[in-house]
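Residue-level listing of the chains:
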Amino acid sequence: MPEESVQTVGELRAQLLEHGARWSVSEHLADEDPVPRPALGLEPGLNLTPAAEAGAVDLRALVGRESGNPALTRRRAAHGLLPGTVAGPGRPAAVDWRSRWGWPWLTRVKDQNPCGSCWAFGAAGLVESMARIEHDVWAPRSEGDVHDGLKSTCGQGGNPETALDWIRDNGGLADPDCWPYSTPPPGLPAERRDAWRAEYTPSWDRSGRTVRITDYVRLGDVEQQKVWLDTVGPLTACFDVYDDFFGLGAGVYHRTSDRLAGGHCVLVVGYDDAAGCWLFKNSWGTGYHVGGYGRIAYGEVNIDYWAKCGLRGTNIDPWTKRRLHTGSVYESGNGRAHRNFEMAATAGGGRLRHWWREGDAPFGWARAQTFAGDASGQPAFTGTTYNRNMESLHVTTGGRLRHWYYEQAVGVWRDGGAFGPGDAAVGSTPAFIQSDYGKPGNFEVVVRTADGRLNHWWRINGAPWTWNDGGRFGSGIAHYGPALVQTRARTLDLVAARTDGRMQLWWRDDPNGFAWKAGEVFGSGAVSAPCLIEGQYGAADEDTAGNYELCVAVAGGRIEHWWRGNAAGTPWARGAVFGHDVLAVTGMLQGSFGFNLELVVLRTDRLLQHYWRDGAGWHEGAVIGPA
Amino acid sequence: MEVRRIVLGAGEAYALRLAGRGARGYVWTWQVSGNADAVAVRETGSGPAARLLPGEAVERTYEVLGRSPGGRARIRFAQVRPPYPQEAPYDEFVLDVEVVDAAGARRAVTGGA
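Here the protein sequences line up with chains A and B, keeping their order.
Under full-length UniProt numbering, residues 1 to 627 are what the first sequence spells out, in order.
Under full-length UniProt numbering, residues 1 to 113 are what the second sequence spells out, in order.
Careful, some of the hints might be misleading.
If we take Cβ atoms under 10 Å as the criterion, some of the chain B residues that face chain A in the derived model are [to be verified]: (1) Gly45; (2) Leu53; (3) Glu56.
Stretch-level coverage of chain A by chain B, calculated; a stretch enters the list once three of its residues show a Cβ under 8 Å from a Cβ in chain B [what the hints assert, rightly or not]: (4) 154-168; (5) 238-244; (6) 256-264; (7) 278-289.
Simulated from the structure, these hints should not be mistaken for lab results.
Glycine is no exception: its CB is placed at the ideal position from the N, C-alpha and C atoms.
Hey, can you work out the whole structure from these sequences and the hints?
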């Protein structure tokens with residue numbers, strides 16, 4: 001970085017005189033004193049590591065494990081990074097994370113305008129892309145969380161390493177609804193905008209809605225940076241911006257101007273050896289370059305002078321995954337790979353047991369603690385924004401609902417109390433989700449009642465923590481359970497099985513009095529409660545709704561998989577029939593394993609079994625244990 | 001928006017320093033109205049080099065040259081993002097220039113923001 005032009009107060013006074021300035025230097029400073037340079041929260045240059053200083057790293061030690069994504073595992077094997085593998089013919093000539101293996105991996109191009117917050121956007125883009133790559137989930141993050149958490153002003157520069165340090169040390173990076181990226185209010189004079197700062201006050205359930213990270217990796221060696229791009233994911237990068245850069249459209253940028261416009265940081269999302277360039281995602285909106293993406297030649301404008309930062313080991317919050325699971329099982333951030341399955345199931349005598357599956361091979365299921373004493377059927381089980389607590393809800397033997405929660409901070413199961421109708425269908429499973437009404441979001445529950453209707457209950461997640469009866473709707477409901485989703489339009493959708501064996505969608509019309517309305521009818525022969533999630537298929541980006549995925553036990557002990565294309569408007573279609581001796585599907589999720597669908601079913605012999613679907617179809621998994 | 005008035009002699013130059021926000025995608029543009037031939041404007045480069053963090057503003061310097069005595073020109077500088085012409089400028093600055101004979105040149109700031 002260039003040197004300061006003025007070092008002493010005397011030099012500054014002379015400069016002000018020469019320029020006819022309308023301000024003067026503080027009287028208490030002597031000419032020989034250095035010009036005061038108060039810390040702005042970040043010390044210039046202190047935390048941006050030169051590539052030469054970062055040097056080479058031990059990639060085998062850093063990433064020598066199988067990914068949940070089989071395609072990425074194959075890439076690591078091809079580089080000889082996995083134990084027992086030997087490096088093959090070399091890395092591919094080009095990598096582009098905008099689309100790999102038929103899937104999109106990058107969130108939309110954003111716009112930092114008008115603040116000097118490129119460094120926060122680079123760091124947040126890195127967290128978002130690694131959350132997507134490691135866990136197959138869209139996890140839009142807030143640049144404002146780290147920018148304002150660091151108390152940076154709008155005009156204040158920074159660097160991704162400082163941002164990543166803060167994210168690591170402050171419990172992760174929150175979603176925009178917890179704390180948004182904000183810019184100076186309209187009408188604020190230009191000369192005051194750079195000094196403007198947002199007062200950082202995230203929602204108090206922030207600890208339950210951050211993507212957590214461990215340490216990031218500084219990569220100084222260009223060849224290793226390319227291997228990282230091929231086998232792990234994107235990298236942050238910083239470089240000098242010259243005047244001609246603003247005109248960059250298609251093609252590979254080479255500097256043609258001598259006029260420095262500033263320093264800038266972006267997310268490098270690929271490379272192209274044939275063209276000799278990095279592919280980067282900028283944060284100036286889609287109007288720059290080609291849809292917000294540009295290409296810059298290797299080594300140009302100091303892009304390879306500074307170390308690039310990579311990340312692995314993201315730990316996703318339950319809020320981000322809230323639509324990706326239902327019923328008795330969900331994927332938590334626990335375990336080395338932050339992808340353990342957590343499950344609750346009946347354990348006899350009205351007790352419930354917590355089970356969990358390690359997220360690494362051999363993927364064994366293990367028993368944990370028991371709790372409750374009045375469960376009549378399988379519980380609904382989920383993680384919430386309350387510090388990632390596990391929460392369980394079941395229908396009691398007396399036809400009420402009872403809430404238990406595992407307090408992560410102290411490692412104890414606590415009875416959250418009973419509530420509800422008194423005639424909830426004994427033996428059924430309630431639907432139980434956290435919605436985005438309020439912060440922390442309300443709990444929403446729907447349960448079938450003995451009169452064949454559906455009953456909605458909800459709890460405002462603030463004092464006095466009371467449950468409210470949202471009323472009954474529908475009729476002729478034979479089976480209902482874990483099949484409740486809050487849509488991106490904030491309405492609630494559910495699917496229930498009717499007495500004629502057909503399934504029907506119900507939805508709550510929130511803008512019009514929160515009235516429940518009957519929707520489409522599909523399928524036949526359902527003999528148990530359907531399980532419903534909104535998955536990742538069809539979700540082209542973080543703002544697009546994924547398909548509904550539904551599994552239900554039908555006559556003959558089989559399972560039917562149904563799906564509906566929410567973004568494309570595709571009607572319900574049956575995808576497959578599989579399985580045997582199945583009494584009910586008790587839980588369903590889409591987790592970190594290559595967009596696979598995962599089921600837990602209760603068999604006729606009262607054993608729980610895991611089923612899963614990959615690109616080759618549905619497979620029988622482990623028999624977990626009794627329920 | 002600051003409006004500054006100056007008087008330049010023919011052949012006299014006036015140096016103007018503006019905060020460049022290139023790391024955010026902004027460039028300074030200018031338009032001359034009135035007696036457009038009375039003045040010439042050119043960018044003379046970045047300001048004093050400083051140790052900068054990514055995203056920070058960089059001072060840009062421009063030179064306004066008086067050319068034709070008796071002319072009056074208004075120069076409107078606007079800091080914009082070229083791909084987004086519908087956006088309001090981040091910052092604006094207007095320089096009203098009166099060009100006189102070199103002998104009568106004097107510089108006077110008669111207006112402010």
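Here's how the hints hold up against the structure:
1. Gly45: 6 Å, holds
2. Leu53: 3 Å, holds
3. Glu56: Since chain A brings a Cβ to about 3 Å from Glu56 (chain B), closer than 10 Å, the hint holds.
4. 154-168: n = 5 at 8 Å, threshold three: holds.
5. 238-244: holds (count 3)
6. 256-264: holds (count 7)
7. 278-289: holds (count 4)
Every hint from the earlier list agrees with this structure, and none is contradicted.
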